[in-house]
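In the numbering used here, the protein residues as written are 22 to 142.
These are calculated hints, taken from the structure and not from any lab test.
With a straight-line Cα cutoff of 16 Å, these simulated EDC-like cross-link-like pairs (lysine to aspartate or glutamate) come out: (1) K79 / E36; (2) K39 / D118; (3) K71 / D53; (4) K71 / E58; (5) K39 / E84; (6) K94 / D134; (7) K39 / E85; (8) K71 / E92; (9) K97 / D131; (10) K97 / D134; (11) K71 / D134; (12) K39 / D80; (13) K79 / E102; (14) K61 / E25; (15) K123 / E51; (16) K72 / D134; (17) K79 / E35; (18) K81 / E35; (19) K72 / E58; (20) K94 / D131; (21) K127 / E51; (22) K123 / D47; (23) K127 / E92; (24) K127 / D53; (25) K72 / E92; (26) K142 / E92; (27) K39 / D119; (28) K72 / D53.
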Amino acid sequence: MPQEIIQSFYLSLEEPNKSCLMTLRDLILEQDPNIFETIKYGMPCFCYGKKAFCYLWKDKKTEEPYILMVEGKLLKHAVLEQGNRSRMKILRVNPTDDIPIKTITKVLNDALDLYRNGIIK
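Please model the entire structure based on the sequences and the hints provided.
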């Protein structure tokens, strides 16, 4: 996917979500050189190899950004919300607070390990 399309997604957002989601994007991409970004279902999708492992989006009601972990059901973290999803979980991020980088990095790497270690083929 052309970088211009991906970039235009972020640039179309309003603050504070724009800065928050761009920071989350950078944080996700720096976790592993095998991660690439595309747009799926109109939202940024981050893939490891050929498999989607997380998305960035925002809550319809609160407009609060979150990271959607595709294999969330396999992740055990108090910060992840299952909601009514059977497979995925989300990690909400308040765009006006400091981003919990250590927590997010831990969740992302636990998710990536599912792919790195062959648990998700």
